[in-house]
Amino acid sequence: MEYNFHEIEQKWKRYWAEHHTYRVSNQSDKPKFYVLDMFPYPSGAGLHVGHPLGYIASDIFSRYKRLKGFNVLHPMGFDSFGLPAEQYALDTGIHPAVSTANNIKRYKEQFANIGFCYDWEREVQTSDPAYYRWTQWAVVQMFEHYYDRDANKALPIKQLEQKFEHSGNQNVHAAGGFDKKFTAEAWKQYSHAEKEAVLMHYRLIYRRPISVNWCAALGTVLANDEIKDGLSERGGHPVEKRSMLQWSLRTTAYGERLLNDLDTIDWTESLKTMQRNWIGKSEGAQLFFHLHRRKDNIEVFTTRPDTIFGATFMVLAPEHPLVAQITTNKHQDEIDDYLKYVQSKSEVERMADKKVTGAFTGAYAVNPFTKTKIPIWISEYVLKDYGTGAIMAVPSDDDRDKAFAEKFHLPIIDVVDKSKYPGASLHDKVGIMINSDFLNGMEVPNAIQTMFTRIEALKIGKRRINYKLRDANFSRQRYWGEPFPFIYDKEGITYPVKTSELPVVLPNTDDFKPSSDAKSPLSKCTDWVHLPNGYTRETDTMPAVAGSSWYYLRYMDANNDKSLADKEAIKYWQNVDLYVGGTEHAVSHLLYARFWHKFLHDIDFVPTTEPFQKLINQGMLQGVIESIYLKKEKTNGHHHIYGSKLLLASNANLNDYIKLYVLIDYVTDYGAADSHLNIAGIDKFRKWRPEYNDAIFETIYGTYHLGKFTPKGDVSDVKLVTHSEVGKISKSRYNVINPDDVIAEFGADCFRMYEMFLGPIEQSKPWDVRSISGVSSFLRKFWSLFYDLNTGKYLVNEVEPTKAALKVLHTAIKGITEDIERFSFNTCVSKFMVCVNELKKLNCHNRFILNELVILLAPFAPFTMEELWEKLGHQTTVCDATFPTFDESYLKEDVIMYPISINGKKRGEAHFPTTMQPKEMESLVRDLEVVKKWTEGIPIKKVIIVAGRMVNIVV
RNA sequence: GCCUCUGUGGCGGAAUUGGUAGACGCGCUGGACUCAAAAUCCAGUGAUAGCAAUAUCGUGGGGGUUCGAUUCCCCCCGGGGGUACCA
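In numbering that gives the first Met the number 0, the protein residues as written are 0 to 954.
These are computed hints drawn from the structure, not numbers from a lab.
Glycine included, every Cβ here is placed at the ideal spot set by N, Cα and C.
Treat the hints with care, as some may be off.
[As the list claims (entries may be wrong)] Below, in silico cross-link-like pairs of lysine-lysine (DSS-like), each with a Cα-Cα straight-line distance of 25 angstroms or less:
| hint | residue 1 | residue 2 |
| --- | --- | --- |
| 1 | Lys631 | Lys707 |
| 2 | Lys294 | Lys370 |
| 3 | Lys644 | Lys633 |
| 4 | Lys633 | Lys613 |
| 5 | Lys840 | Lys802 |
[Stated by the list, open to error] Simulated restraints, written as ranges between beta carbons of each label pair:
| hint | residue 1 | residue 2 | range |
| --- | --- | --- | --- |
| 6 | Lys561 | Glu164 | 13 to 23 angstroms |
| 7 | Lys870 | Thr801 | 18 to 28 angstroms |
| 8 | Asp509 | Asp767 | 39 to 49 angstroms |
| 9 | Ala150 | Glu184 | 17 to 27 angstroms |
| 10 | Asn559 | Val833 | 43 to 53 angstroms |
| 11 | Ala222 | Asn276 | 17 to 27 angstroms |
Let the hints inform the model, and build the full structure from the sequences given.
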């Protein structure tokens, strides 16, 4: 019997489908375990080798848990709303629903090839109306709730209205909130529209104007990463900041709980730290600075009120509303120029810029403590959305303020003496106050507290908690997303669509261009927008994070048409036990999902407070990007294309050339140092990029033009050497490697194990198919324990296993169990290899040993193990076997080898009985030849013996 | 810029709590088999010196703690991810 993985894969793929091997029930006596992958966006490029990394890891873990006796939920679905499908529709006219359906079909075929144990009866697609009905339902619930600070949870907005009726908003402590106080009488006098406007300040999803990146030429709002140097990446059109009415989620309401509950979940400390920093809680003072000779004042938030005597100027965000009002005529031009400069930069660029820039408004404020007049500047380093959009600048104790003061020659007053704290940096809150009037001589923490009290006593500000976290902008002017379940009457008052009338189905159209008035393409579906009663629909759609914020709940009861999921199902599955996904989602998706979950918890929909109990991050697989160089200037009407070797040899200025990515299929010796295009490769390239069909290809071996090769010297083939660099695998870099090709050549089990063998799951690493042969020969070697590879003879015997073989087996069981539990799958593969190498050496074909090994390996190589399990005479799937347990007694050794080190450096080895105590060993150690050799003539200072570990002699 | 991860042979990586640096695999070198090649098998393989035994150096760079540091602390350099509308 030969190892034919093609036949084996087809056979078991069919078996699993026919026997519903991966169907999961919501009723079971077994303990539950929920393993979840971050579901993919079904892109047009199909699955590439980087995607399955996490999926294989979670699949192994799911199968392992099942073998360990758990009822395992391991579902898969698609995050199928998104920008790329819409962009593709704009380019090709193909409807996003059509391209998305095709892509999903392709993904599912690819998933099936890899042998994942998903229960496809629970599949979800976020763009399916049966799914987004419940996304809309949750949004309606948010609209009808507010966050009550006293109850510390979301409560129905009806209860808030009752409070208003009863006592106005005097005693209401709510997130967000209306900034003016009103009485019950006043409330009752309000018109319907006025009441609704007030309530909008409390709802958990609410509408407000937000500044967005508006690109008039494209007629759309752009993401920061779609903007390069102030221009749209697509087309290079100008982009401006523009205020638009948008829906927002009141994520800040949950800031405190999102922060505190991190302590209850099992995520890496680094990920929790990222979320903590994103939430960015800080305690400080809200302070008002009066303007000099004007009535207005500037609100700032500072965590260092103690340094106020060093506040020698103020800086406003360029977008701060006061800027226009306070700028003096004399400085108007300067400010306008600066605003123009800032407009051209994205927020990331503004923060990343090391250059110190700014402009003076000509206006002054008064420092409330020193009573001195301080100038008001604007600068890009102050962001409008963080804090109050204005700062009091203390150049002596803040790096950026200091750089700013130095550049613009503003005064610097030292207020903290750090001489007692050597090594303390500028932002450490330590030191003794100086030059600070009544604070002089105090330690910083004490001074901060003193200032809080003083500020509140003087009524110029308040102690306050500030969060960096902002409410999430939830509106998109796009077609391919969930429609909002909101309608407006003629006055513009918002009404949620009745939940019984959900879903609000996305209307069909073939016009995906944004409308001319900065509205989404949906606004052009006039029949859909205008309701018979004169009301109109919201035409923005939701962002992709909407559907992905709660999909893990839908899997628990995916086909329910009465509810988001049945409460009994949620009660059974609780939350996700293990979530596997990339760190690129560290804050956005993971924070929104936590927010959503907490809201559903508040309205009694889910019993748990957190969605994902344990989370591990998978790294990215990187690929090699291959490119050649195009000279920017044509010569004699021809493009010239150069190989990297020739270009480097000629010391050319790279600025004169453009890097052209080459489809890696055309490259010979892909990824190697001398990767290149030969004649066939160049011809394929010319066909692929017809604009370069008549280009002249220059290589160190000669010139190739229109099918004709003019060699330099005695060579027969062109070698257009390509430049190789490690980077992201992506369609735009033409370096996507399809797992199907790898599977066709080496088999799915080999592919699965090789992906794991590449390295630790959480680390990024380059994909290099060349070393896959090691795993391939391992699987054949494993097979050869059952069948002679030459004769096909069945080798398995029924004799008693030897002590040596049992030791090999139990070493493997111990190591692999521990490694799976700590998600170290690469070392599992190594341990399997060591185990098989040892059994080969022992010439072991023992039935008992092999039976256990098949179960052990089944999570990693399910196809082959099903086959061998059957060959061993079992009638049922190996998925329902019992994972072997490890027995210490097989591993006991009589003697232990100790490394003998002199001053920490290993110089020899010695064997001692396992039971021997360090005290007994010492004199024997001193008599060892190695020890005598290295300590000749030098006294031994100390002998360190760690039982079972090592010996170190100190001289 | 800020937050976070990461850096070990020619390559992917191992070393789980501070205790033998380089497991396992690829590649490379030599050998067996073969008319030959592929496949397979066996041996070697961090660098330097040496016939060898062995010695010295060696985990991005610099410093520190320790009997002992890839592992802990401080500073610096390189690479990845995020930075709120890619997913």
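Against the structure, the hints:
1. Distance restraint check for lysine 631 and lysine 707: the Cα-Cα separation of roughly 23 angstroms lies within the 25 angstroms cut-off, and the hinted pair is therefore satisfied.
2. Only pairs whose Cα atoms come within 25 angstroms are accepted, and lysine 294 paired with lysine 370 is accepted, the gap being roughly 16 angstroms.
3. Annotation: proposed proximity of lysine 644 to lysine 633 holds, straight-line Cα distance about 21 angstroms (limit 25 angstroms).
4. With a C-alpha separation of about 57 angstroms, the suggested pair lysine 633 and lysine 613 falls outside the 25 angstroms cut-off, and the hint is violated.
5. For the suggested pair lysine 840 and lysine 802, the alpha carbons sit about 14 angstroms apart, so the restraint of at most 25 angstroms is met.
6. Between lysine 561 and glutamate 164 the Cβ separation comes to about 34 angstroms, which falls outside the hinted range of 13 to 23 angstroms.
7. Remark: the range hint 18 to 28 angstroms for lysine 870 to threonine 801 is upheld by a beta-carbon distance near 22 angstroms.
8. Distance hint for aspartate 509 and aspartate 767: a CB-CB separation of about 44 angstroms, consistent with the stated range 39 to 49 angstroms.
9. Our hint of 17 to 27 angstroms for alanine 150 and glutamate 184 holds, since their Cβ atoms are close to 26 angstroms apart.
10. Taking the beta carbon of each, asparagine 559 and valine 833 are about 48 angstroms apart, inside 43 to 53 angstroms as hinted.
11. The hint said 17 to 27 angstroms for the Cβ distance between alanine 222 and asparagine 276, and at roughly 22 angstroms that hint holds.
Of the numbered hints listed earlier, those contradicted by the structure are 4 and 6.
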